[in-house]
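Chemist: These are the residues of each chain, in order.
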Amino acid sequence: MSPRRVLRIARWEAGRNVGTIDRRTAILLACTLLVIALVTPALVLSAPTPGEGVYRVAVDDANPYHAPVAATDRLSAVPPGANAVERGRADVAVVGTSGFVVADSAKGRAALATLRSATEAYNDRLMATEDDVAAAFPVTVDVSYVERGTRVSGSGGGTASDAGDGTGTATDNGGTTADDDTTADSGATTGDGTGTTTAAGSAASAGTAAPRVSGDASAPANTPGGLTPPFPLESLLLAFVFVLPLNVVIQSYGSSVLDERIDRRGEPLLVSPATRADIVAGKTLPYLAAAALVTVPIAYAVGAGVASVLAVFLLAGLFLAVTFLGALFARSYKELTFVTVTVTVVLMAYAFVPAVFTEVHPIAAISPLSVVVRDIRGDPFQLGGFLLATVPVATAALVCYGLGLGVYREEDLFTQKRLPAKALDALAAPLTSVRRVGLLTVALVPFVLIAELFAVAALFVVPPDIAVPLVLALVAIIEEVAKSVHVYAGFRNARFARSTRTALALGLASGVGFFLGEKLLLLTRLVGLSDLTVGGAAFGNAALGAGSLALLAAPLVLHVVTASVSALGARRSARGYAIALAGAILLHLGYNYTVVTTVG
Amino acid sequence: MDSRLVIARRELASLRREKTIVLALAIQLFVAAFSSVLVVGLVSLYAPGAAGGAVAVDVGVTGDAAGDLGPVVEHGDAMHATYYDTESAARTGFQHGDVDAVLVADRLNSGRTYVDATVPDGSFVTTVVVSRLKTALSRYERQRRAELSTRLDRQPLDLPPERGGSTYHGFTYTVLIPALAFLPAFISGSIAADSVAEERERGTWDLLRSAPLSIPAIVDGKALAFVAIAPVQVACWFALLSLNGAPIHNPLTTLGFVTALTGLLVVGGIAAALAVPKHREAQLVYSFGALGAFGAASLLPESPQNVVARLAIGSTTTVTWLTFAGALLIGVVGYAATRVAAGRVANT
Numbered sequence: 001m002s003p004r005r006v007l008r009i010a011r012w013e014a015g016r017n018v019g020t021i022d023r024r025t026a027i028l029l030a031c032t033l034l035v036i037a038l039v040t041p042a043l044v045l046s047a048p049t050p051g052e053g054v055y056r057v058a059v060d061d062a063n064p065y066h067a068p069v070a071a072t073d074r075l076s077a078v079p080p081g082a083n084a085v086e087r088g089r090a091d092v093a094v095v096g097t098s099g100f101v102v103a104d105s106a107k108g109r110a111a112l113a114t115l116r117s118a119t120e121a122y123n124d125r126l127m128a129t130e131d132d133v134a135a136a137f138p139v140t141v142d143v144s145y146v147e148r149g150t151r152v153s154g155s156g157g158g159t160a161s162d163a164g165d166g167t168g169t170a171t172d173n174g175g176t177t178a179d180d181d182t183t184a185d186s187g188a189t190t191g192d193g194t195g196t197t198t199a200a201g202s203a204a205s206a207g208t209a210a211p212r213v214s215g216d217a218s219a220p221a222n223t224p225g226g227l228t229p230p231f232p233l234e235s236l237l238l239a240f241v242f243v244l245p246l247n248v249v250i251q252s253y254g255s256s257v258l259d260e261r262i263d264r265r266g267e268p269l270l271v272s273p274a275t276r277a278d279i280v281a282g283k284t285l286p287y288l289a290a291a292a293l294v295t296v297p298i299a300y301a302v303g304a305g306v307a308s309v310l311a312v313f314l315l316a317g318l319f320l321a322v323t324f325l326g327a328l329f330a331r332s333y334k335e336l337t338f339v340t341v342t343v344t345v346v347l348m349a350y351a352f353v354p355a356v357f358t359e360v361h362p363i364a365a366i367s368p369l370s371v372v373v374r375d376i377r378g379d380p381f382q383l384g385g386f387l388l389a390t391v392p393v394a395t396a397a398l399v400c401y402g403l404g405l406g407v408y409r410e411e412d413l414f415t416q417k418r419l420p421a422k423a424l425d426a427l428a429a430p431l432t433s434v435r436r437v438g439l440l441t442v443a444l445v446p447f448v449l450i451a452e453l454f455a456v457a458a459l460f461v462v463p464p465d466i467a468v469p470l471v472l473a474l475v476a477i478i479e480e481v482a483k484s485v486h487v488y489a490g491f492r493n494a495r496f497a498r499s500t501r502t503a504l505a506l507g508l509a510s511g512v513g514f515f516l517g518e519k520l521l522l523l524t525r526l527v528g529l530s531d532l533t534v535g536g537a538a539f540g541n542a543a544l545g546a547g548s549l550a551l552l553a554a555p556l557v558l559h560v561v562t563a564s565v566s567a568l569g570a571r572r573s574a575r576g577y578a579i580a581l582a583g584a585i586l587l588h589l590g591y592n593y594t595v596v597t598t599v600g
Numbered sequence: 001m002d003s004r005l006v007i008a009r010r011e012l013a014s015l016r017r018e019k020t021i022v023l024a025l026a027i028q029l030f031v032a033a034f035s036s037v038l039v040v041g042l043v044s045l046y047a048p049g050a051a052g053g054a055v056a057v058d059v060g061v062t063g064d065a066a067g068d069l070g071p072v073v074e075h076g077d078a079m080h081a082t083y084y085d086t087e088s089a090a091r092t093g094f095q096h097g098d099v100d101a102v103l104v105a106d107r108l109n110s111g112r113t114y115v116d117a118t119v120p121d122g123s124f125v126t127t128v129v130v131s132r133l134k135t136a137l138s139r140y141e142r143q144r145r146a147e148l149s150t151r152l153d154r155q156p157l158d159l160p161p162e163r164g165g166s167t168y169h170g171f172t173y174t175v176l177i178p179a180l181a182f183l184p185a186f187i188s189g190s191i192a193a194d195s196v197a198e199e200r201e202r203g204t205w206d207l208l209r210s211a212p213l214s215i216p217a218i219v220d221g222k223a224l225a226f227v228a229i230a231p232v233q234v235a236c237w238f239a240l241l242s243l244n245g246a247p248i249h250n251p252l253t254t255l256g257f258v259t260a261l262t263g264l265l266v267v268g269g270i271a272a273a274l275a276v277p278k279h280r281e282a283q284l285v286y287s288f289g290a291l292g293a294f295g296a297a298s299l300l301p302e303s304p305q306n307v308v309a310r311l312a313i314g315s316t317t318t319v320t321w322l323t324f325a326g327a328l329l330i331g332v333v334g335y336a337a338t339r340v341a342a343g344r345v346a347n348t
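Protein sequence lines correspond, in order, to chains A and B.
Per this note's numbering, the first sequence starts with residue 1, numbered consecutively.
Per this note's numbering, the second sequence starts with residue 1, numbered consecutively.
Be a bit skeptical, because a hint or two may be false.
Beta-carbon label-pair distances, calculated as ranges [what the hints assert, rightly or not]:
{"#": "1", "chain 1": "A", "residue 1": "Arg572", "chain 2": "B", "residue 2": "Ala13", "range": "31 to 39 Å"}
{"#": "2", "chain 1": "B", "residue 1": "Pro247", "chain 2": "A", "residue 2": "Arg572", "range": "47 to 55 Å"}
{"#": "3", "chain 1": "B", "residue 1": "Asp98", "chain 2": "A", "residue 2": "Ala37", "range": "54 to 62 Å"}
{"#": "4", "chain 1": "A", "residue 1": "Arg409", "chain 2": "B", "residue 2": "Arg10", "range": "26 to 34 Å"}
{"#": "5", "chain 1": "A", "residue 1": "Met1", "chain 2": "B", "residue 2": "Pro301", "range": "34 to 42 Å"}
{"#": "6", "chain 1": "A", "residue 1": "Leu45", "chain 2": "B", "residue 2": "Thr150", "range": "37 to 45 Å"}
{"#": "7", "chain 1": "B", "residue 1": "Ala56", "chain 2": "A", "residue 2": "Pro41", "range": "42 to 50 Å"}
{"#": "8", "chain 1": "B", "residue 1": "Arg16", "chain 2": "A", "residue 2": "Arg409", "range": "27 to 35 Å"}
{"#": "9", "chain 1": "A", "residue 1": "Thr594", "chain 2": "B", "residue 2": "Ala26", "range": "30 to 38 Å"}
{"#": "10", "chain 1": "A", "residue 1": "Arg24", "chain 2": "B", "residue 2": "Ser242", "range": "42 to 50 Å"}
{"#": "11", "chain 1": "B", "residue 1": "Ser242", "chain 2": "A", "residue 2": "Gly88", "range": "12 to 20 Å"}
Because the hints were derived from the structure by calculation, they are not lab data.
No residue lacks a Cβ here, since even glycine has one placed at the ideal position from N, Cα and C.
Using the sequences plus the hints, can you model the full thing?
Modeler: Below is the structure:
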């Protein structure tokens, strides 16, 4: 790869983006951007929610419950009247000051529950105007988050807590019973501090009231109403800001790659002295730079640091890599759009859903966005979590580019084939020897890791009785497919002779490759993911071998045997492969089940 | 008319041949299922009453107000109070896992109760425990307020009764359904732009124009195909949701609304592709334009998302119907305008 050529191609690519826009396009783009620029501040100010007024409460204007209804977005007040609920005009009707007529439906009950929490919030606001603070808010709470038991999380921080007194509390025990602080917040009269100092010490640190107890104005901090379970939704929204611009970048990128394939436009570049790697790197560089260019200012604006930028940048790399492959496989722009949407949706789900549980559950660590969320919240940097979040993503991106490079050539670039056939071509391209099969298996392990993490993330809330068998089955399917799909591609594209001996050799290579690559799954140990029942079921296999030699050999034998079985099937036909793969999966499932029930 | 149907059929055939639309549908299904699983999981954790009492929480109670607080804790769903004589005994119990949380409650001179709560850190249980404690302590707060009511100038309102309703019920209608309704509409517009842009880039657009077809007829044919597929997808979602116990209240009206929006997005996409020669730029104009239009529409008294949510959950108002009628009107007018404009643009 020659840096000079790469840079020249990158310059062309960037120039093509800017230089070819005609005046009409520029005006149109400017107009749409202007509209967005005008609309955004208005949206931020008015903050419309999709749930406005979905529950209707029949309540009189003079009724005391009218105020809480009017103050709540999701509730709307409708005029009362005879049989408002029976006639379907309302979901809940307030009769007098204590009677409630509720529609007999899930919606009616939900409306009542919403009214209940609205009334609670209203009461807190009402009480905030009372003079006697101790009677208005007769209960104050401090929450300490204490790690307990002997579970050692071997994460970067390394705070192995012993069973004595809990360390690592999130809120200080002392001095946060800030009564005076509370009243000052809610704008009521201060003073009247008689006897409000408590055993926990004076309110010296009143300014730094408990960080976790974030209340809205209605529910003062340190009261039950102000308690919020840890759920970093705001930080997640900030993280969303990072990923959204990536969509624009990958749309342009996919378009540009597919452009080369229409009417053989990419041919001149292919016959130039530039190598394939030069071309691909040159074409990608401007978009990678664009991703970096949008990430850094956003990081600066939301107060995220270097770790966040790096994590998002690597995620952007995977977005680009998968789009690159998609654009190489797609037959038309329409197909590319579907591929782009698929990529966006799957990667967003992978990045977002686990990140919701940041600080709540170790599963969050699989998402690069959890690094961002932790960073924004000012939590200490965890090397283990960072590695788990970024290594699978980064290696998967590299492998995608590797596979794409294999088919970035005349005979593949300008032919139209169905998407799966193209994918098989890409898998078969690097298979020039038996050894290469093993290497490709190793290269596929990051995808295995991502898929298995995804499965674990999807199933960890399900009760273990159901989740463990499901995870075991999914793991068996994912791993067997990863071990055999390229072997099948090799046979199909006549890379290997269809003999039994070759099939066995390929199975051996693939099995050994997977056994070695599987050690990457040990990453999950870094954040204690394997302590979960579900996580243990999925990743326990890779960790075997700490004990005896027999345990070390067992997974090796398993992988070689199952890979050989599916290779033998793949040798014959698509149907033979499907049947053999099913057999291999069952074999793997049986083995996993035995291991989990006997060892775990 | 016939020639338009031919074009529509050709577009649908190419979608079917590529089979990727199946993939896109499968992905939508997967994401919806995934998020639903998570939400159901969260609901069962947050509101144990709704899902039949999931995880039981044991709370160690100690301090001089323990006799007061204990019964309140015990009263909660799937909660159990264990009394300890001393704080250190309670903490030892917590460390040994006998209890999931410790509450040290002390009565102060002012009549206020100070509660020092200890909950386990860094596990999923944290969320459950904190949300249960919040419920129990709120109940305790109400009880104490009632006991001290003589000291208050205004009295708090009595809470409406509990009937096991979930405040997460709305999620399906306010988040999931609008998302599932707008995603296909947006994709339809996007592939409409793709289709026209590709005809132009591959040079088949001129071939198409040399056929005995007017430009508006070509627009009709292409729009017909892409507008038709969005409501079909949304209808599938509605059927699936209804089977899963989330009935859609005005299915036909909601589909009509989605169709009107799809029509607008599709002609918008076609217009973008006709106005801008290159695919990439056309897509950019379309995406930003659609984003801006949705943003602007969100400023309406009832945003499109809100209209879909209200229609689906069955809480319509006059404004909802006015917005619906407005969408239909703008859909028809916008379509007609684009059709005429397309003829002009393509001729220049």
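Chemist: Next step is simple, just say for each hint if it's right about the structure.
Modeler: Okay, the hints, checked on the actual structure:
For Arg572/A and Ala13/B, the Cβ-Cβ distance of about 34 Å falls inside the hinted range of 31 to 39 Å, so the restraint holds. Look at Pro247/B against Arg572/A: about 50 Å separates their beta carbons, and that is inside 47 to 55 Å. Distance hint check for Asp98/B and Ala37/A: the Cβ-Cβ separation is about 59 Å, which falls inside the suggested range of 54 to 62 Å. Range check, Arg409/A to Arg10/B: about 32 Å between beta-carbon atoms, so the 26 to 34 Å window is met.
In this structure, Met1/A and Pro301/B break the distance hint of 34 to 42 Å, their C-beta atoms being roughly 58 Å apart. With their beta carbons about 44 Å apart, Leu45/A and Thr150/B fall inside the hinted range of 37 to 45 Å. For the pair Ala56/B and Pro41/A, the beta carbons lie near 48 Å from each other, so the given range of 42 to 50 Å is met. Our hint of 27 to 35 Å for Arg16/B and Arg409/A holds, since their Cβ atoms are close to 30 Å apart.
Taking the beta carbon of each, Thr594/A and Ala26/B are about 33 Å apart, inside 30 to 38 Å as hinted. Judged by the Cβ atoms, the range 42 to 50 Å given for Arg24/A and Ser242/B holds: they are separated by roughly 46 Å. Remark: the range hint 12 to 20 Å for Ser242/B to Gly88/A is upheld by a beta-carbon distance near 18 Å.
In summary, the structure is inconsistent with hint 5 from the numbered list given earlier, while agreeing with all the others.
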